[in-house]
Amino acid sequence: EYIATNELTASDIEQVKSTCSYRWKIEEFHRELKQAMQRGLGEAARSWGFPP
Numbered sequence: 003e004y005i006a007t008n009e010l011t012a013s014d015i016e017q018v019k020s021t022c023s024y025r026w027k028i029e030e031f032h033r034e035l036k037q038a039m040q041r042g043l044g045e046a047a048r049s050w051g052f053p054p
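In my numbering, the protein residues as written are 3 to 54.
Treat each hint with caution, since some may be false.
Stated by the list, open to error - Cβ-Cβ distance ranges computed for the label pairs, FRET-style:
id, residue 1, residue 2, range
1, Q17, G42, 19 to 29 angstroms
2, A6, F31, 19 to 29 angstroms
3, I28, A6, 15 to 25 angstroms
4, T11, R41, 40 to 50 angstroms
5, S20, G42, 29 to 39 angstroms
What the hints contain is simulated information worked out from the structure, not anything from laboratory work. Every residue, glycine too, gets a C-beta built ideally from N, C-alpha and C.
Please model the complete structure; the sequences and the hints are all you need to start from.
If you want it as structure tokens, here you go:
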């Protein structure tokens with residue numbers, strides 16, 4: 003497994019993995035939100051608990 007980073011102060015590889023995982027979840031959320039908005043806040047919005 004390889005990880006490329008410009009975070010020179012991250013001495014612990016687990017810290018880098020955790021940060022990447024957190025950032026990826028944010029990216030996925032933004033992608034889903036954008037797609038839901040393009041569909042008019044349909045099914046995805048309901049799955050997040052927004053009222054119909």
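Status of each hint after checking the structure:
Roughly 40 angstroms separates the CB atoms of Q17 and G42, a value that falls outside the hinted 19 to 29 angstroms. At about 23 angstroms, the beta-carbon gap between A6 and F31 stays in the expected band of 19 to 29 angstroms. The hinted range of 15 to 25 angstroms is satisfied by I28 and A6, whose Cβ atoms lie roughly 19 angstroms apart. Under the hint 40 to 50 angstroms, the C-beta atoms of T11 and R41, about 41 angstroms apart, fit the expected range.
Between S20 and G42 the C-beta distance comes to about 35 angstroms, which sits within the given range of 29 to 39 angstroms.
Hint compliance for this structure: hint 1 is the single one not met.
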